[in-house]
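Participant: As a plain string of letters, each chain reads:
Number of protein chains: 2
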Amino acid sequence: MTAHADMLPLTRAGIDTYSQPVVYMHEDCHICRSEGFAAMTRIQIELAGRRVTATLNVVSGADWLGVDTAALSEAAWTGLGASEGALARFSHPEPPASASSIRAKAYGQTLDQAAFAGIIADTLDNRLSDLDLAAFVTACAGDRLTLAETMALTRAMQAAGETLDWGGAQVLDKHCVGGLPGNRTTPIVVAIVAAAGQLIPKTSSRAITSPAGSADTMEVMAPVDLDTRALRRVVEAEGGCVVWGGKLNLSPADDLLIRIERPLDFDSVGQMVASVLSKKAAVGASDVLIDIPVGPSAKVRSAGDAETLKAHLAGVAEAIGLKLAVHVSDGTAPVGRGIGPALEASDVLAVLRGDPDAPADLRARALDLAGLLLDMAQSGVAGRGRDRAAELLDSGAAAAKFMAICEAQGGFREPRRAAHRTPVLAAQSGTITALDNRLIARIAKLAGAPRQQGAGVFLQASVGDRVTAGAPLFEIHAETPGELAYAKDYANSQSQAFAISETP
Amino acid sequence: MTAHADMLPLTRAGIDTYSQPVVYMHEDCHICRSEGFAAMTRIQIELAGRRVTATLNVVSGADWLGVDTAALSEAAWTGLGASEGALARFSHPEPPASASSIRAKAYGQTLDQAAFAGIIADTLDNRLSDLDLAAFVTACAGDRLTLAETMALTRAMQAAGETLDWGGAQVLDKHCVGGLPGNRTTPIVVAIVAAAGQLIPKTSSRAITSPAGSADTMEVMAPVDLDTRALRRVVEAEGGCVVWGGKLNLSPADDLLIRIERPLDFDSVGQMVASVLSKKAAVGASDVLIDIPVGPSAKVRSAGDAETLKAHLAGVAEAIGLKLAVHVSDGTAPVGRGIGPALEASDVLAVLRGDPDAPADLRARALDLAGLLLDMAQSGVAGRGRDRAAELLDSGAAAAKFMAICEAQGGFREPRRAAHRTPVLAAQSGTITALDNRLIARIAKLAGAPRQQGAGVFLQASVGDRVTAGAPLFEIHAETPGELAYAKDYANSQSQAFAISETP
Numbered sequence: 007m008t009a010h011a012d013m014l015p016l017t018r019a020g021i022d023t024y025s026q027p028v029v030y031m032h033e034d035c036h037i038c039r040s041e042g043f044a045a046m047t048r049i050q051i052e053l054a055g056r057r058v059t060a061t062l063n064v065v066s067g068a069d070w071l072g073v074d075t076a077a078l079s080e081a082a083w084t085g086l087g088a089s090e091g092a093l094a095r096f097s098h099p100e101p102p103a104s105a106s107s108i109r110a111k112a113y114g115q116t117l118d119q120a121a122f123a124g125i126i127a128d129t130l131d132n133r134l135s136d137l138d139l140a141a142f143v144t145a146c147a148g149d150r151l152t153l154a155e156t157m158a159l160t161r162a163m164q165a166a167g168e169t170l171d172w173g174g175a176q177v178l179d180k181h182c183v184g185g186l187p188g189n190r191t192t193p194i195v196v197a198i199v200a201a202a203g204q205l206i207p208k209t210s211s212r213a214i215t216s217p218a219g220s221a222d223t224m225e226v227m228a229p230v231d232l233d234t235r236a237l238r239r240v241v242e243a244e245g246g247c248v249v250w251g252g253k254l255n256l257s258p259a260d261d262l263l264i265r266i267e268r269p270l271d272f273d274s275v276g277q278m279v280a281s282v283l284s285k286k287a288a289v290g291a292s293d294v295l296i297d298i299p300v301g302p303s304a305k306v307r308s309a310g311d312a313e314t315l316k317a318h319l320a321g322v323a324e325a326i327g328l329k330l331a332v333h334v335s336d337g338t339a340p341v342g343r344g345i346g347p348a349l350e351a352s353d354v355l356a357v358l359r360g361d362p363d364a365p366a367d368l369r370a371r372a373l374d375l376a377g378l379l380l381d382m383a384q385s386g387v388a389g390r391g392r393d394r395a396a397e398l399l400d401s402g403a404a405a406a407k408f409m410a411i412c413e414a415q416g417g418f419r420e421p422r423r424a425a426h427r428t429p430v431l432a433a434q435s436g437t438i439t440a441l442d443n444r445l446i447a448r449i450a451k452l453a454g455a456p457r458q459q460g461a462g463v464f465l466q467a468s469v470g471d472r473v474t475a476g477a478p479l480f481e482i483h484a485e486t487p488g489e490l491a492y493a494k495d496y497a498n499s500q501s502q503a504f505a506i507s508e509t510p
Numbered sequence: 007m008t009a010h011a012d013m014l015p016l017t018r019a020g021i022d023t024y025s026q027p028v029v030y031m032h033e034d035c036h037i038c039r040s041e042g043f044a045a046m047t048r049i050q051i052e053l054a055g056r057r058v059t060a061t062l063n064v065v066s067g068a069d070w071l072g073v074d075t076a077a078l079s080e081a082a083w084t085g086l087g088a089s090e091g092a093l094a095r096f097s098h099p100e101p102p103a104s105a106s107s108i109r110a111k112a113y114g115q116t117l118d119q120a121a122f123a124g125i126i127a128d129t130l131d132n133r134l135s136d137l138d139l140a141a142f143v144t145a146c147a148g149d150r151l152t153l154a155e156t157m158a159l160t161r162a163m164q165a166a167g168e169t170l171d172w173g174g175a176q177v178l179d180k181h182c183v184g185g186l187p188g189n190r191t192t193p194i195v196v197a198i199v200a201a202a203g204q205l206i207p208k209t210s211s212r213a214i215t216s217p218a219g220s221a222d223t224m225e226v227m228a229p230v231d232l233d234t235r236a237l238r239r240v241v242e243a244e245g246g247c248v249v250w251g252g253k254l255n256l257s258p259a260d261d262l263l264i265r266i267e268r269p270l271d272f273d274s275v276g277q278m279v280a281s282v283l284s285k286k287a288a289v290g291a292s293d294v295l296i297d298i299p300v301g302p303s304a305k306v307r308s309a310g311d312a313e314t315l316k317a318h319l320a321g322v323a324e325a326i327g328l329k330l331a332v333h334v335s336d337g338t339a340p341v342g343r344g345i346g347p348a349l350e351a352s353d354v355l356a357v358l359r360g361d362p363d364a365p366a367d368l369r370a371r372a373l374d375l376a377g378l379l380l381d382m383a384q385s386g387v388a389g390r391g392r393d394r395a396a397e398l399l400d401s402g403a404a405a406a407k408f409m410a411i412c413e414a415q416g417g418f419r420e421p422r423r424a425a426h427r428t429p430v431l432a433a434q435s436g437t438i439t440a441l442d443n444r445l446i447a448r449i450a451k452l453a454g455a456p457r458q459q460g461a462g463v464f465l466q467a468s469v470g471d472r473v474t475a476g477a478p479l480f481e482i483h484a485e486t487p488g489e490l491a492y493a494k495d496y497a498n499s500q501s502q503a504f505a506i507s508e509t510p
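Protein sequences, first through last, are from chains G and F.
This note's numbering applies: residue 7 is where the first sequence begins, and numbers increase by one.
This note's numbering applies: residue 7 is where the second sequence begins, and numbers increase by one.
Calculated directly from the structure, the hints in this document are not laboratory data.
Treat the numbers as computed from the prediction; the structure is a model and nothing was measured.
Any given hint could turn out to be false.
Computed list of chain G residues with no C-beta within reach of chain F, every gap over 12 Å [unchecked claim]:
no., residue
1, D22
2, A45
3, R48
4, E80
5, G91
6, G173
7, R268
8, G321
9, L328
10, Q384
11, A432
12, S435
13, L452
14, D471
Covered stretches of chain G (in silico footprint by chain F; criterion: 3 or more residues with CB under 8 Å from a CB of chain F, positions within the stretch not fixed) [stated by the list, open to error]:
no., region
15, 104 to 113
16, 132 to 143
17, 330 to 343
Derived CB-CB ranges, DEER-like [unchecked claim]:
no., chain 1, residue 1, chain 2, residue 2, range
18, F, D34, G, I264, 23 to 29 Å
19, F, D34, G, V387, 45 to 51 Å
20, F, D34, G, D261, 24 to 30 Å
21, G, S89, F, S501, 36 to 42 Å
Every residue gets a Cβ at the ideal spot worked out from N, C-alpha and C, and that includes glycine.
Chain G with its partners taken away, still in its complex shape (with noise of 0.2 Å):
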């Protein structure tokens, strides 16, 4: 075979296709035509060293791509580190030995330690496509994995990337499962447990479906962009911190394997306790706290679903050397008054500020989490943590530390509020009975959250409340009049977003 039959030079697609990379080829490609490669063919690309494979689409009757080029994907690009003209190789991939593990774990066999390394290897590597994830997570669903197995996993996925090392110090970290509209206590609880003179490295993720993750809100105040050098400083010099965990390498498989459990919406208790569990063992936590809300339309939707995961976190956490506590909460109700990434670093900074107009659900579960992870401390007395926390709370230390925190991130910085806004009014008069949660996150959405920093809705009546017909039941907060417009429209149009029942 001649040196230049199997190469091509590559060129940048600009196409973004998430995690999953893409080669785009001519149909009248000679690799193509000679390799029998066809639309949706998996394929090896290699250059300088570095490996990928991914999945071909054919183009044709395109003008934008030669037919002795290959296209790649951003997530092709970036992972062969390609430059515009390079030659890389191309060539069919061999099987992956984990592809024989997972066809074991869908006829019902129990799979060891070795075998979930090896899935978790081929993962990180891409050499397992999104069929062969989708058919990990479907033979793991429900029930199907054991104490054993999820251990392993557990541990697998934890040494697939770094592990932060604290010099054998007690270190906490919590965790919600399933997260409520609004529902941001933690840049509260690391503040008052920081304060408390404990250690808290903590990470959060960034909104995918939601208006705002943590990140999206602790963003707004400070950088959370954070390397592991610069979390390490962060921590040690002021005992916590509320850092964007994508960027660093803990348990790096879990966003992998949480792409494609998200769409297909299945339960796995095994699953989701090896990717809570993982994080926590890889950024060096010693003690952990798991908040479970239960409501439902929550994640977890009824009390037993609640004990049957508490066992299995419990399990796992002791093999692998982790304290854990449970805290099973209300989730029926979004949390707070603002929902998108600055309302909500407004309603966290009227909380630690005391501001009289803090919204108190928030202050409350802050003080029940920060509570029971004081608890947890060696330094501690238990059943006193709720008390001091609301100490450390009411005294200014809390809000003295988080300001710490936030300079020591990179700078701390006063939410803007958004240029745009717009109240909606009831449409008539009388009882609100419920709000719907995904609508109304759905309206900040379109307003621009979690992208547009200020976007967003501000509650101003909630369930209980009697209003006269034309009372103002939310804003609609935007960066930009066409968003606000868009996100109105359609909050006008979907009037079940506030229930209102006429009977008084």
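With the hints as your guide, set chain F onto chain G.
Facilitator: Chain F in isolation, oriented as in the chain G frame:
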């Protein structure tokens, strides 16, 4: 919401993503921004009453797509019946109802007829993503479909398409589970059975990963791209046909599921049975012969696996009113001498014409199968089928029937010999101990098969033959000098394609 806020003009991307619809939108597109669409979001696109659910790829830094235009992959373009500049509506799709059935199956529940019908309908309507379909395939893997579920899936797949009605006449059909290279019995069997006066409306597939499918081989000799009306006309005139099944609406979900099953490479007895029997029921067959070649590199690896498959086939066939016979055959070696459409067609014609150098193994296999089918025929004498088949072949009646069928399908043509040929020689003297079917198939594909009809491999030696160094092992056939050179380079680098032992 204004009327145009969720609309964009369409353009054709000229990108083939196989059957999965993809929509390309610019990152600054107003609909992406306002709806919160991101890479890999599923988007519903509506145009003039037609609807497609497509996966979003986000375009940036490429100048082939304007900011407020949506480009469609071939599958999306065809599915919508789109035209350049047509204004389509974009929205979030409702999750398909059948997704919850797939979830239930993943959790280990048993599905009923209505659930399978829903899954098949949503598969055909493109409302289930590839991830959903991979989850469905996984949830049914191994032995996870009960016999009742397999019956329900078979019925749902059949009912989703057309069923041919032959007015109560006995209709014979055959199917081979997992083909061997060169095992092109179908045209010979159909010719013999039709020459015996029986009805045998045979539909075949094209190659997906092999150097030729039965439809590719038949197409060398006659048109195969017939619609249902043309199929009926041929069968009413001649008793039999060999046409491509792809254009017919018989069990149309089967191809969509196979597209997912093939790369996952899962065995699923239930899905294999449903795939085979739904197509046979749809073509209107009353009596079906299933050939199961068993061998270490065949689809069915052991006699035990063949027995399991046979039991499931028998159970479902009885439930849906099909008479079934199963033939277990030798699956250890390739059949005939040619590999590639025209080379296999030449083998077929040599057998039909009684050429002295016709491959004896292909003739024997065709007679076995035709004989068993004639044993099933109401007009036949059980046990006399094979003798009758040999008479029809040796008398020239089968050859005459084959020519008549080809004429009825649009006209017979003689296979052409490829313009470029080169021998591959034994590197050493000795006895041939094994052929690597996978490597030989690859050489045939590199030479251009099945796209180039004349391309492929012509075997000149086989297992057990003694060869001297420099003697021909096989000949590569290609239609261009470049493909010939490429295939030959590869063949010379893969000496293990023919294992030669020096011990006498």
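Participant: Determine for every hint whether it applies to the structure shown.
Facilitator: Here is what the structure says about each hint:
A beta-carbon of chain F is positioned within 12 Å of the beta-carbon of G/D22; the least distance is around 4 Å. Consistency note on G/A45: stated as away from chain F, yet its beta-carbon is not over 12 Å from all of that chain's, at 4 Å minimum. G/R48, annotated as away from the interface, has a beta carbon of chain F within 12 Å; the closest lies near 7 Å. Here G/E80 does not stay apart from chain F, with its beta-carbon only about 8 Å from theirs, under the 12 Å limit.
Under the 12 Å C-beta cut-off, the non-interface status given to G/G91 relative to chain F holds; the minimum distance is some 16 Å. The Cβ of G/G173 sits about 40 Å from the closest Cβ of chain F, beyond the 12 Å cut-off, so the non-interface label holds. The Cβ of G/R268 does not lie farther than 12 Å from every Cβ of chain F; its closest approach is about 10 Å, which violates its non-interface assignment. The Cβ of G/G321 sits about 21 Å from the closest Cβ of chain F, beyond the 12 Å cut-off, so the non-interface label holds.
With a cut of 12 Å on Cβ distances, G/L328 stays outside the contact zone with chain F, its closest approach being about 28 Å. No Cβ of chain F approaches the Cβ of G/Q384 within 12 Å, the least distance being about 42 Å, so the stated non-interface status holds. Against the 12 Å criterion, G/A432 stays outside the reach of chain F, whose nearest CB is about 20 Å from its own CB. The claim that G/S435 is not at the interface with chain F holds, since no C-beta of that chain comes within 12 Å of its own (minimum 26 Å).
Interface exclusion of G/L452 from chain F breaks down, the closest Cβ pair being 6 Å apart, not more than 12 Å. Separation of G/D471 from chain F is adequate, the least Cβ-Cβ distance of about 27 Å exceeding the 12 Å criterion. Check result for the region 104 to 113 of chain G against chain F: holds, 4 residues qualifying (beta carbon to beta carbon below 8 Å, three or more required). By the rule of at least three residues with a Cβ nearer than 8 Å to a Cβ of chain F, the coverage given for the region 132 to 143 of chain G holds, with 7 such residues.
Here's how the region 330 to 343 of chain G fares: 0 of its residues keep a CB closer than 8 Å to some CB of chain F, so the rule of at least three is not met and the hint is violated. For F/D34 and G/I264, the Cβ-Cβ distance of about 27 Å falls inside the hinted range of 23 to 29 Å, so the restraint holds. At roughly 56 Å, the beta carbons of F/D34 and G/V387 sit outside the given window of 45 to 51 Å. Between F/D34 and G/D261 the CB atoms are about 25 Å apart, so this pair conforms to the stated range of 24 to 30 Å.
G/S89 and F/S501 have their C-beta atoms about 37 Å apart, which keeps the hinted 36 to 42 Å range intact.
Consistency note: the structure conflicts with the earlier hints numbered 1, 2, 3, 4, 7, 13, 17 and 19.
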